[in-house]
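Enquirer: Residues per chain are reported as follows:
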Amino acid sequence: MVTKARAIYTVLTLAICLPLYVLNPWVYLLKPGYTYLVDVATGRPVQPTVDCVGFVLPAQLPRGVRVATGELLCYDNLGRGVFESLRLSLEATPGTWVYAVVAYLYVSTSRAGYLEVVVEKPLRNFSAILVVGSRGGEVLRVSLGAYRRYRIPVALGVTTYGITLVLEASRPTRDTFRVGVYLGSYL
Amino acid sequence: MDRRTAALLLVAVVALASVVNATVFAYRWIYGTVSIAGPEEARGAACTGFYSAAAQSGITQFLPNLGTNYDALTYGENKITVTPGDVVCQWTVGTNTYELYESIEVSIPVTVGSWYIQDFYAFGYYGTETDPEVYVYFRVDDDAADGGRLTTAYLIIRNADGDELARLDLLTLGEQEGPITLSPGSGLRLDLYLDVSTTGTVTSVTFKVGVYVTQESNEPPSL
Chain A
310 MVTKARAIYT VLTLAICLPL YVLNPWVYLL KPGYTYLVDV ATGRPVQPTV DCVGFVLPAQ
370 LPRGVRVATG ELLCYDNLGR GVFESLRLSL EATPGTWVYA VVAYLYVSTS RAGYLEVVVE
430 KPLRNFSAIL VVGSRGGEVL RVSLGAYRRY RIPVALGVTT YGITLVLEAS RPTRDTFRVG
490 VYLGSYL
Chain B
9 MDRRTAALLL VAVVALASVV NATVFAYRWI YGTVSIAGPE EARGAACTGF YSAAAQSGIT
69 QFLPNLGTNY DALTYGENKI TVTPGDVVCQ WTVGTNTYEL YESIEVSIPV TVGSWYIQDF
129 YAFGYYGTET DPEVYVYFRV DDDAADGGRL TTAYLIIRNA DGDELARLDL LTLGEQEGPI
189 TLSPGSGLRL DLYLDVSTTG TVTSVTFKVG VYVTQESNEP PSL
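Going down the list, the sequences are from chains A and B.
So the first sequence is residues 310 to 496, counted in the numbering used here.
So the second sequence is residues 9 to 231, counted in the numbering used here.
Here chain B stands alone, though its shape is the one from the complex (with noise of 0.2 Å):
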């Protein structure tokens, strides 16, 4: 084989494995670009999120005097303890600086028999008159059923006035409530009704619900 030879059936090679790509792949893309602000910048939807009136004094100012028991014992010693996630929304007054959280991660120690907890937490909306109603949806996105411990367990939401707005089921995965529809300045209680049986496997048992605010539709979420 000669040089000319060769260098053809190199770039017959090259040309035909450029071929054979081409018609493989149609390439699409998505390109993004994400800012997030500060959370003194959050509005609307953005500026829901938990809070406690009893932990942080002067916001009943903006928000319903609410989630007042974060702290009750409960038996002997033992007592509720509430760990607040990342704040979504804040703003401050004078030299006073409140907080609205993402999420709570409560303990709530208790022994057998029936317990209702009342008003462990709140969550609430911060907003002036001009901003939207938002629309909120209470889901069991882990449910508190393993080990057969808990015969029932409800979290019980209910406005400023103690009137009950939705039950949700805590032993059913998927359950969900909604829409509740806050307006800027008003808040849910939270209370949560057990009732622990002495069978089951289990000392402790866990659940998570997730909240989900839109202020775009009342569509449920869907994710």
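So here's chain A without its partners, still in its complex pose (with noise of 0.2 Å):
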């Protein structure tokens, strides 16, 4: 039986939790903590920070490639800004491309974990690989034509990844794409 202690018990659980639950999403866009040090004479980073996780742009982009970065998050071990996130625009004709390093993916953690890089809007129009590297090669081929999530470990300390795009398309055409990049911890 619905009386209405029972209706405002009901409403305010829902005006409590429902906030808390929309809010949920923004613990994605929290920055881990991150501290380095500044060279007096210089001003500029010296030291690698703790959780720095972001893109870094390379000396020079691809022919055909633009960027816009993100928020800047800190600084590489090399005094390079590591931004937030990358809004990547090509333009190509029909062929297979190498884009080779449009970005690095920098990683410096104080706890081994992994990687997980999602596919969340995939290309519809033509096919396209994004190919993770590191120096030792290549850690991860990721398709661009689907919904898809992939990891990888990553270990305690810096690890820069260089990351490669390669488009195939074969008519003239215009697609997006979104990748997100997820660094977890094991608890």
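Just so you know, the hints here were simulated from the structure itself, not pulled from any lab data.
Misleading hints may appear alongside valid ones.
Claimed, not checked - Under the rule of at most 20 Å between Cα atoms (straight-line distance), these lysine to any residue pairs were calculated in the SDA-like manner:
1. B:Lys216 <-> A:Val407
2. A:Lys313 <-> B:Arg12
3. B:Lys216 <-> B:Asp203
4. A:Lys313 <-> B:Thr119
5. B:Lys216 <-> A:Glu477
6. A:Lys430 <-> B:Arg51
7. B:Lys216 <-> A:Val475
With the hints as a guide, bring both chains together as one complex.
Expert: Here it is in structure tokens:
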């Protein structure tokens, strides 16, 4: 039987829990803590950061690639800016294109964990792969043609991955993709 | 347990779940927009590809007269067949349209013994004087060693004058030759040397050669 008290109880519970549920996505936007030392002479960071994760731009972008960076989070062990996100724009013609190192993924973590690379919005009009490599060679090949989740282990300390994009298009078209990178640690 | 306690407990559980979640992931993302223009827009390295002057009459106004044996007889009634892939560069002059292809699939029937297949196809670069030079690398992506039927197999790359620029051993996976510099309006002649033994377990042998072109630097392909 629906009473006034029960209705108020239900509404109150929903009113408290719903915002928590809605706010939950914000947890992904929380920045992990990071610190760095600054050289007093140059004003530039000189020490590797702790728990600094994000994208670093190469000294020279491949031809036909434009990049807009997101928020600056921290600096890598070479003093380069580490950004939260990248917005890539590529202009090409039909054929197979290899864009060698469009960006680096910099991971400096105080805890061993894993990286999850998730294709959140796949390409529909042509095929492409994202090749993630480190000094030891290729570590992950991500097909951008389907929703999928990939996982690779991440060691304690600093790891820098090169990100290469390979496109294969046979006709004029336009498309977008989105790839999420999650750094997780084992609790 | 009264209602107030139950409600507090529920809120505490949800809040705890949120906090636990928050400590697990750092999230980063890449958003990409890719625009592919038509082959008639191709310039620079984009306007390089395979062609046969014999198959496209009039293309010699722009590129060397190469690729003349794309349908030559080898023995009996057997002849070379070439199937081009996608068009990557296209230009029109008057009513004539010319094309360069991304890839070719070549079938060459031969018998036991040594064969030299001369000028079976060409690789060219269409452009104007203001376009940059490009650097071309040839790499064996799939070798022809399967079955042991071929004792020698080379792809020989020559310029339009017939000078040898590179010789790629097709029996060695990953073998790479280059860079060969191409300027607009130049082309490469492709020859094949095969030595077919009487032994071996297969009746046909396949291989794949990747052609990598860049205009940014003379760095070899790393993938």
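Enquirer: Against this structure, judge whether each hint is valid.
Expert: Okay, the hints, checked on the actual structure:
1. B:Lys216 <-> A:Val407: 18 Å, holds
2. A:Lys313 <-> B:Arg12: 15 Å, holds
3. B:Lys216 <-> B:Asp203: Holds, at roughly 18 Å.
4. A:Lys313 <-> B:Thr119: 94 Å, violated
5. B:Lys216 <-> A:Glu477: 17 Å, holds
6. A:Lys430 <-> B:Arg51: 30 Å, violated
7. B:Lys216 <-> A:Val475: Satisfied, since the Cα-Cα distance of roughly 18 Å is no more than 20 Å.
Consistency with the previously given hints fails for numbers 4, 6, ordered from lowest to highest.
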